[in-house]
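*Asks:* One letter stands for each residue in the lines below.
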Amino acid sequence: MNDPWLMLIVSCSVFVIGLLGVIFRKNLLIVLMSIELMLNAVNLSFVTFSKIHHVLDGQISVLFVMTVAAAESAVGLGLVISLFRTLKTADSDQIQMLRD
Amino acid sequence: MNLLLILLFPLIGFIINGCLAISSTRNGKKISSQQSGVVATMGMVLSFLTAIYYYFKFAGFSGETKLIEQNVFSWIKLGALHVDFALRLDPLSLTFVLIITGVGSLIHLYSIGYMSEDPTPAKYFSYLNLFCFMMLNLVLGSSMPHLFLGWEGVGLTSYLLIGYWSQEPKNILAGQKAFVMNRIGDLGFLIAMFIAYKYVGSLDLSDIQKSTMSPHVMTVFCGLVFFACTGKSAQIPLFTWLPDAMAGPTPVSALIHAATMVTSGIYLLNRISPLLLQTPDVLFVISIVGVTTAFISAVIACAQKDIKKILAYSTISQLGFMFLACGVGAFDAGVFHVMTHAFFKALMFLGAGSVIHALKQEQNIFKMGGLSKKLPITTITFVMGWAAILGIPPFSGFFSKDEIIIESLYSPNGNQILFVMALLSALLTAFYMTRLLVLVFFSPSRMDTETESHVHESPWSMIVPLMILAVLSLIGGFWHHSEGNHENSQTIMIASVIVALLSAGFSFYRYRKFDKEELTNQFVEQGLGIDNFYNRFFGRGTTRIAQNFSRWIEEGLIQNGIKFCSWAVELSGNVLKSFQVGSVQAYLMMMVICGFALMVWVLQEVLHEVMIYGK
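The listed protein sequences derive, respectively, from chains F and B.
Going by the numbering used here, the letters in the first sequence line up with residues 1 to 100, in that order.
Going by the numbering used here, the letters in the second sequence line up with residues 1 to 615, in that order.
Simulated from the structure, these hints should not be mistaken for laboratory data.
Mixed in with the good hints, there may be bad ones.
Below 20 angstroms or equal to it, Euclidean Cα-Cα: the simulated SDA-like pairs (lysine to any residue) are [claimed, not checked]:
no., chain 1, residue 1, chain 2, residue 2
1, B, K198, B, V217
2, B, K29, B, C19
3, F, K26, B, V581
4, B, K577, F, D93
5, F, K88, B, S583
6, F, K88, B, K66
7, F, K26, B, V592
8, B, K373, B, V455
9, B, K577, F, M97
10, F, K26, B, A586
11, B, K66, B, Q209
12, F, K26, B, K577
13, B, K577, F, Q96
So these bits of chain B aren't anywhere near chain F, every CB distance computed over 12 angstroms [what the hints assert, rightly or not]:
no., residue
14, S489
15, S583
16, Q585
With the C-beta cut set under 8 angstroms, the calculated list includes, among others, these residues of chain F facing chain B [unchecked claim]:
no., residue
17, V22
18, I23
19, V47
20, S92
21, D93
22, Q96
Just so it is clear, CB atoms sit at the ideal spot from N, CA and C, and this is done for glycine as well.
Could you build all of it, start to finish, from the sequences and the hints given here?
*Replies:* Put into structure tokens, the structure is as follows:
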């Protein structure tokens, strides 16, 4: 557990999993969850670097990120619900109003 | 008093009439020829009064000081080139200003009656006023570009007025022909201007007059200026536009194509006369061209049937006399003839206009005849014009024309050939003018009864200018103090009068009882085939070049180039369109890919080092 490289690899894998989820999953709720996954992957790398360099800045950043993530997921969920109400769907393929 | 006033009054008339013309086409309200004609005539009369003021002011000056200059504003400032928009009045330009504004006022007045049935008189009068404004610019300008402004301006208004009745395609073509012929001459003017700038360094006319160019440059300069004059003043080789220009309304022919615009060539030659006197070669060419033009056009005039065409060829012939005068170095005699010619030729054109007006646009002299009883005032005034152009003393033409004939023999540059040609031209002039006079006014009537019953004397606005011009034709000769003290000059004068009278007598005898159409030589009537010659040798080739340009350059290069541009834009648009799918996730994917690429690009050095140390 003390190998920082392992931590970084885990963090990187989780980030990529989240990114792929954001890009390829069609359900908007899953997309939101994937975003959370990416944020947490970043948090993990913050903590790892904080441990490598023996500086506490990274851990403070993590607290900030968690706060913002909470707010963000609240807003995101609100948006998804309002989208679902107007369009009766949460499928991202059905939502293509940007093209028109 | 301000010199600018002379220019300003016609300009104001032009602006007012132009606005009237535009508003009448917008709201369809008809403007009578009285309304717009009075405005236009007022502009000219006020301008004439200003010129009269300067005439009397000059009378108080002595010899050399007769010069008024006025700088209006700085016009062109480009490096070493500095041209002021300045007006300069000296005796020469004053003579022209008086002719333009004086005869111009009368012709404006005449037009009120002549154009009374025209649908758009405001347009007509605005053009006429613009013409006078431009012509005054031409004679008052102090520099070559200013002169050129007027030179082109009168060309433009001449074009507009020749094609004034634009419903007839023939009239438009005549206007185009005049414009193109003038442009050919203008090329000479432009190049002369470039030469003046290069070798004199100034475009001011007084600087050019005083300049000391090398003889060769001066010859080229004067030759080019003379070429420009042949265009504007209808001399060989560019004279064929003037007979066609008769397509315009008759007052226009009187003002532009007899009294003023066509004499601007004489004005220009007079302006550069100090240079011309140093280039005997150019002077020789001018005298030859002048006398040949005078003779040839007099020959052509003898075979014409259209009353206005006869007067047009007569104008070319008289202009030839003026060029002859300039060519033999008698510049004063040339200007003097410009003045008397302006009086009597304007008179004859207006008289012809009065006849045409009375006969409902009939112009063939073989369908007229016996009009002296129906149009008494027109007849009397026309006879006075006839006497003036024949040179019967004491009419004005006698003084000016005979002075030219005498100078063609006795001046240092004159010789017997010029003299004989000039005398022959005078003889022919007497012949065709008498032919015109007799056939129109005195021979038995050849009109059909329908037309004959409608013939009436013209309204007062047309008669008054005729009478004033007739009086001027009578007394115009006394304004000039001719030296005329060559030993044999009196003999020559008497001889030329006798020649003219004999020729007139023969013509009178031949045509007094004519009651059918004369069989004229077609070749002569068509202007000696010169138009055909130009068509064949210049017209066709130019047309072919133009057609090729239209095919290869216009359609081939430009059109395809534009097509290629639109094709390239369309293609790139199509490619870029495929990225705009509208799905957020697709955009995100592109963002990630690009972000990754960017990262690799930014970090490539770092990665490189990592790989090296990794080993």
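*Asks:* The structure should be examined with respect to each hint, and the outcome stated for every one.
*Replies:* Quick rundown of the hints versus the structure:
Between the alpha carbons of K198 of chain B and V217 of chain B the distance comes to roughly 10 angstroms, so the proposed pair stays at or under 20 angstroms and holds. In summary, the hint linking K29 of chain B to C19 of chain B is supported, as the alpha carbons are separated by about 13 angstroms, within the 20 angstroms threshold. This hinted pair checks out: K26 of chain F and V581 of chain B have alpha carbons roughly 15 angstroms apart, not beyond 20 angstroms. A hinted pair counts as satisfied when its Cα atoms are at most 20 angstroms apart, and K577 of chain B with D93 of chain F qualifies at roughly 18 angstroms.
Of the pairs offered as hints, the one joining K88 of chain F and S583 of chain B holds, with about 17 angstroms between alpha carbons and a cut-off of 20 angstroms not exceeded. Proposed proximity of K88 of chain F and K66 of chain B is contradicted: the alpha carbons are some 98 angstroms apart, above 20 angstroms. Using a Cα cut-off of 20 angstroms, the hinted pair K26 of chain F and V592 of chain B holds, with the two alpha carbons roughly 18 angstroms apart. About 10 angstroms separates the Cα atoms of K373 of chain B and V455 of chain B, which keeps this hinted pair within 20 angstroms; it holds.
Restraint check: the Cα-Cα separation between K577 of chain B and M97 of chain F comes to about 15 angstroms, which is no more than 20 angstroms; the hinted pair holds. Simply put, K26 of chain F and A586 of chain B have alpha-carbon atoms about 12 angstroms apart, close enough for the 20 angstroms limit, and the pair holds. With a CA separation close to 17 angstroms, the supplied pair K66 of chain B and Q209 of chain B stays within the 20 angstroms bound. For the proposed pair K26 of chain F and K577 of chain B, the alpha carbon gap of about 23 angstroms is over 20 angstroms, so the pair is violated.
Restraint check for K577 of chain B and Q96 of chain F: satisfied, since their Cα atoms lie roughly 15 angstroms apart, inside the 20 angstroms limit. A cut-off of 12 angstroms between C-beta atoms confirms that S489 of chain B is not in contact with chain F; the least separation is 98 angstroms. At the 12 angstroms boundary, the C-beta of S583 of chain B falls inside the reach of chain F, the nearest C-beta of that chain being 6 angstroms off. For Q585 of chain B, the condition that its CB be more than 12 angstroms from all CB atoms of chain F is violated, with the nearest at approximately 5 angstroms.
The criterion of a C-beta within 8 angstroms of any C-beta in chain B is met by V22 of chain F, whose closest approach is roughly 6 angstroms, and the hint holds. This hint holds: I23 of chain F has a C-beta 5 angstroms from the nearest C-beta of chain B, less than the 8 angstroms allowed. Against a cut-off of 8 angstroms between C-beta atoms, the interface hint on V47 of chain F is violated, since the closest Cβ of chain B lies about 23 angstroms away. Interface hint at S92 of chain F: satisfied, since its Cβ lies 6 angstroms from the closest Cβ of chain B, which is below the 8 angstroms cut-off.
The criterion of a C-beta within 8 angstroms of any C-beta in chain B is met by D93 of chain F, whose closest approach is roughly 7 angstroms, and the hint holds. With a least beta-carbon distance of about 4 angstroms to chain B, the hint placing Q96 of chain F at the interface is held under the 8 angstroms criterion.
Checked against the numbered hints above, the structure breaks hints 6, 12, 15, 16 and 19 and satisfies the rest.
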